[in-house]
Amino acid sequence: MDEFGMGSHSLNSFFGPVVNGSSLTPALSAGGSSGGSAVAVQMGQVFAALGTDTGGSVRLPAAYTGQCGFKPSYGRVSRWGVIPYANSLDTVGFLGQSVADVYKVFGKANRADDRDPSCISSGTRNRSARSWRRKRARNPMAGAKWDLSEVKIGVPVEYNIEELDPAVRTAWKKVLEVLKEQGCRIVPVSLPMTKHALSAYYVIAAAEAMSNLAKYDGVRYGSRTGPSDNAGDVLYSETRGQGFGNEARRRILLGSYTLSSEAIDNYFLKAQKVRRLVQRDFDRVFKLPNPLRDDQQFDISDLDESIAMDNKLGPSQVDYIVCPTAPTLPPKIQDVLKQTPIHSYMNDVFTVPASLAGLPAISIPVPTDIKYEGSDLHMPAGIQLIGQHLDDNSLCHFASDVEGLIKQAVSLVGPGNRHFHQGLKVARESDDTPGDRPRSVVRYHGAPSPLVRYRTVPRPIVPLFSPVATRQEVGDLFGSKPAIAMIASLDPEEVDSLFASTLNQWEQEKRS
Amino acid sequence: MARIPPMVLRRYICGGHIPTKGCLRMKTTRATATALNPVAPQGTRLLHTDADTAIPEGTVAFRKQLKDEAKRKKAEGLGSKKAKIDNQVLEKWELTVGIEIHAQLNTPRKLFSSAASTINEKPNTHVALFDLAMPGSQPKFQKETLIPAVRAALALNCEISTSSRFDRKHYFHWDQPAGYQITQYYQPFARNGYITLYAHDGIAKEDGDEIRIGIKQVQMEQDTAKTITQPGGIHLLDFNRVGLPLIEIITLPQIHHPSTAAAFVRKVQILLDAVDACVLGMESGGLRADVNVSVRRRDGTVSDAGHSYAGVEGLGQRTEIKNLSSFKAVEDAIIAERDRQIEVLEAGGKIAGETRGWTIGSSGTRRLRGKEGEVDYRYMPDPELGPVLISPTLIEHLQNTLGALPDAEITILTEEYGLTIKDAMSLVSLDNGGRAEFFRMAVDRIAGDSASAKQPLGRLCGNWVLHELGGLTLESGETASDLNFDASGNSLMPLDDFVSLIKFLEAGRITGKTSKRVLRTLFENSLSGASTDVEKMIEENDLWFRPMSTEEYQNLARSILDPKVVEQILKGQKGKIMFLVGQMMKMGENGQVDPQKAREVLEHIIEENRT
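Respectively, the protein sequence lines represent chains W and Y.
Last residue of the first sequence: number 512 in our numbering, and the count goes up by one each step with no gaps.
Last residue of the second sequence: number 611 in our numbering, and the count goes up by one each step with no gaps.
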């Protein structure tokens, strides 16, 4: 994995890079930061693997390696023992060859833990479970049937970006067509804050990372370098400057800058406001209310013009959102190495919004028309399904259905197909897992009862700082100083020198 | 034990020689002890010659030295006190002070872990994973810490926020394992409080009878680890202290005199103590103060006064003096820093915004770090701690159970019970308030429904509860407070008996002297567990006060009359009459002799002698 979970390609590691598939030439990126976990699953070395998903670290590797990756709702799984990267975003995620495998493991971990202050209490879980039970099948894996024609799917128009790889776009369309055939209603939805989400994510995550990594000062954690006690009036600069890798340093710098008294208003506070707006975007789009918040009124004046009004109250609301996990197919490692950090941050553009909003999201593989070089195997694209907060169970149910439908509809030798794994020289002993079993036609009986709105006492679990801002307030987001671009574009040597000088400047330890 | 000169001891231990004089003297002269390592006395003697000769002289010198030291200190103390009075106010300059006080909350657990909060345990024995910032550990807010915190804030007249949050304050130091301290920066749990200081709290004369000092906010935060410095530049860390709950009290810059600042800190300690919010007093390190000091010209001619803090405009550049650990240090440091700033400004210099330090006994503050080295704490809302929600019911409950604060108590004692402020203050400060409670119960019992009787009775009772009860000590004198008062006023002295005793005294049925004897007996009986009936006891010992008739007075007077003295009195030495009155009082049993009456009778008889 990447050092401290920082990276999108699992290349920032002391132990060397992770390689996607064992025999592919040229080597492809496995995605990051939990690329190692994904490849272990891909190779069949393990049944399922854990990873922490902060901004897409489980879903992105799943998409690049053709596996299933699930990031539950924030607070579903205890983080006790997880070394934090950004506490308000970190979520324990699961990787497996099929939705069923992933769900099995998730079921074991899905419980309250009072050692984690952000873990959802059993009270809130029970409340939500009662509510879901009224609405939907009790257990998505128990074979309960429901009518897909009652399911409404949202397609966020803002996600159809120019940079989207045509092969990924085709796969996305394919999935939507398959769902449409089953009677799903497919509607365009608007998530206008998406374009700011990535910047906000990198500001918030870097700030929290800076804070969490402050303990590695060589006193208790981290290794102390050199005998330079108190040289030049600072105790920790040298130690702090030596141990961390480039990406960790870059983010510590970014975090230190965005929290500094001169920049906090323009970066950190704005990013928190953007985060709130991203959540509002989702709450407006989903049929289910967010269990953590009171019913809200939404302003629809800033919606994209292409969004049709469902009725006079606004556009239609949906059960799930379907979008790509990553804008491209797995890139070649040699290309990644040439990229600027900014370019590499772009990979997270579709995964970050669900992380900021704390929503459950699952990435399932869809074979594309593109083949691996020198192989008959089709490369996978990840398609991401996002549900409302705490709606994890029904999302998994739905994802499992979609997985089955794709397998029927797409006959290419790609992920999810046993030849795909064998083709990747997977040394798996048995292919007899539920996910690989060819399914008969999935039949849906019984409509889910109309979605019941319910209210809970709002219990803010995702610690949020600022009140909701208007879009105008964050309009000129990050002002004239594009810190991300500024710091991310530095080459490693510049980072080194900047890091040392900034630390010298900031670190005047308390003396008395 | 008698002091044995080291020389003699050494000869005994090393050589087995026993001196022929003193307590170690043998009856018969023979060596009873054999030295383990017989060493020639001369050999050791050589080494220790200096010490041997020095010791007797040293002993004398040391005693003298102690005495001189005490004398010198006394003289100095008087001197500095005088200097302080002159020092409170300056003609041309106005001083402005804001104070931050850190106090350790009285709770069984740490702020974010279930490790026990301890004071003097073995180092590093009460530390949870989170206290050490172990990667992967998480904070768990201990809600019990809210109770003393809210009580403290209520005692400081603050508004309690029903929702508050924790923030991370980042700086690197070895006593801070996480690299940040969790505190409340953006949304503290209490704001907008105040303390009223009265003249009896020791404020500067210029502040008049009372002054109100505003409190900007009160916040909860974590303590740091304790650094134990060893010789050779080694620092040992005791993580028992890390994560203990503190409150930080931040005032508005409304203090203008050094002694008022000291009075403020003292008052805060009294208040926190009264509501049982804090563990230790200032002198034992449970309370620490930082002061922000600035000066400006009274006529406003200096251009440097463009600073503002917490809405107060036109202040001079301030400096912060950190870690003051006594009331005297607060006052002295402020005076020294004020004088330093004035000196700099008058010389045409500029004050730099910096952090300064003060060591007890020094004459000036010293620079710790300047503005350019000022830490940017990069405050960040803690991303995994939710808001602290305090229900209004809890606040109301704590408000109702807070009890009377010392100021209210003193007002009641002076206005309702007729005590002087001085007596009221000493009553309140004794036995954790138990003495005052006992006093009030006693007066209420005696006065019954009559409110007007309370004042004279209060004065009488006050005297007895403070001084006579205070005078009762065990023969052994083992403990300071022999009456074992608890906070609700229960003690070894039975209230009923005390009340009936005072009733007899007040009615004039027994004399003060008798009462004291009875009180002593009551105390002794109660120690031995015997019960006493006051009335019966007086009866049995025939202690009732019988006023003597005039005839008896005359007889008594005649019996002590000394012709010599009478002559002197007649010659005009009127003062000698009191000598005779004293004689009469001595003669009279049980203090029956009323001096007024005795004097009248005496004068009368002496006048008779004139003719």
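Hint data in this document are derived by calculation from the structure and do not stem from the laboratory.
The model shown is predicted, which means the values in this text are computed figures rather than measured ones.
A portion of the hints provided could be inaccurate.
Here are the simulated lysine-lysine pairs, DSBU-like style, with alpha carbons at most 30 Å apart [what the hints assert, rightly or not]:
| hint | chain 1 | residue 1 | chain 2 | residue 2 |
| --- | --- | --- | --- | --- |
| 1 | Y | K576 | W | K215 |
| 2 | W | K371 | W | K215 |
| 3 | W | K152 | W | K332 |
| 4 | Y | K143 | W | K215 |
| 5 | Y | K205 | Y | K143 |
| 6 | Y | K226 | W | K215 |
| 7 | Y | K576 | Y | K564 |
| 8 | Y | K571 | Y | K586 |
| 9 | Y | K597 | Y | K513 |
| 10 | W | K215 | Y | K140 |
| 11 | Y | K205 | W | K215 |
| 12 | W | K195 | W | K108 |
| 13 | Y | K328 | Y | K350 |
| 14 | Y | K422 | Y | K322 |
| 15 | W | K332 | W | K371 |
| 16 | Y | K71 | Y | K169 |
| 17 | Y | K67 | W | K108 |
| 18 | Y | K205 | Y | K122 |
| 19 | Y | K422 | Y | K328 |
| 20 | Y | K422 | Y | K92 |
| 21 | Y | K597 | W | K215 |
Verification of the supplied hints:
1. Annotation: proposed proximity of Y:K576 to W:K215 is violated, straight-line Cα distance about 85 Å (limit 30 Å).
2. With a CA separation close to 46 Å, the supplied pair W:K371 and W:K215 exceeds the 30 Å bound.
3. Restraint check for W:K152 and W:K332: the C-alpha separation of about 36 Å exceeds 30 Å, so the hint is violated.
4. The straight-line distance between the Cα atoms of Y:K143 and W:K215 is roughly 26 Å, inside the 30 Å bound, and the hint therefore holds.
5. Distance check on the hinted pair: Y:K205 and Y:K143 sit about 43 Å apart at the alpha-carbon level, beyond 30 Å; violated.
6. Proximity of Y:K226 to W:K215 is assessed by CA-CA distance (about 17 Å); at most 30 Å being required, the pair is judged to hold.
7. This hinted pair checks out: Y:K576 and Y:K564 have alpha carbons roughly 11 Å apart, not beyond 30 Å.
8. Restraint check: the Cα-Cα separation between Y:K571 and Y:K586 comes to about 25 Å, which is no more than 30 Å; the hinted pair holds.
9. With a C-alpha separation of about 18 Å, the suggested pairing of Y:K597 with Y:K513 holds against the 30 Å cut-off.
10. Using a Cα cut-off of 30 Å, the hinted pair W:K215 and Y:K140 holds, with the two alpha carbons roughly 19 Å apart.
11. Under the criterion of a C-alpha separation no larger than 30 Å, the hint pairing Y:K205 with W:K215 is inconsistent with the structure, at around 50 Å.
12. With a C-alpha separation of about 36 Å, the suggested pair W:K195 and W:K108 falls outside the 30 Å cut-off, and the hint is violated.
13. For the hint pairing Y:K328 with Y:K350, the CA-to-CA distance comes to about 28 Å; that is within 30 Å, so the pair holds.
14. This hinted pair does not check out: Y:K422 and Y:K322 have alpha carbons roughly 33 Å apart, beyond 30 Å.
15. Straight-line distance between C-alpha atoms of W:K332 and W:K371 comes to about 14 Å, which keeps the hinted pair within the 30 Å bound.
16. Restraint check: the Cα-Cα separation between Y:K71 and Y:K169 comes to about 48 Å, which exceeds 30 Å; the hinted pair is violated.
17. A hinted pair counts as satisfied when its Cα atoms are at most 30 Å apart, and Y:K67 with W:K108 does not qualify at roughly 77 Å.
18. Distance check on the hinted pair: Y:K205 and Y:K122 sit about 47 Å apart at the alpha-carbon level, beyond 30 Å; violated.
19. Among the hinted pairs, Y:K422 with Y:K328 is consistent with the structure: their alpha-carbon atoms are about 21 Å apart, no more than 30 Å.
20. Note on Y:K422 and Y:K92: the hinted pairing is violated, with a Cα-Cα distance of about 35 Å set against a maximum of 30 Å.
21. In summary, the hint linking Y:K597 to W:K215 is not supported, as the alpha carbons are separated by about 85 Å, beyond the 30 Å threshold.
Hint violations for this structure: numbers 1, 2, 3, 5, 11, 12, 14, 16, 17, 18, 20, 21, all remaining hints satisfied.
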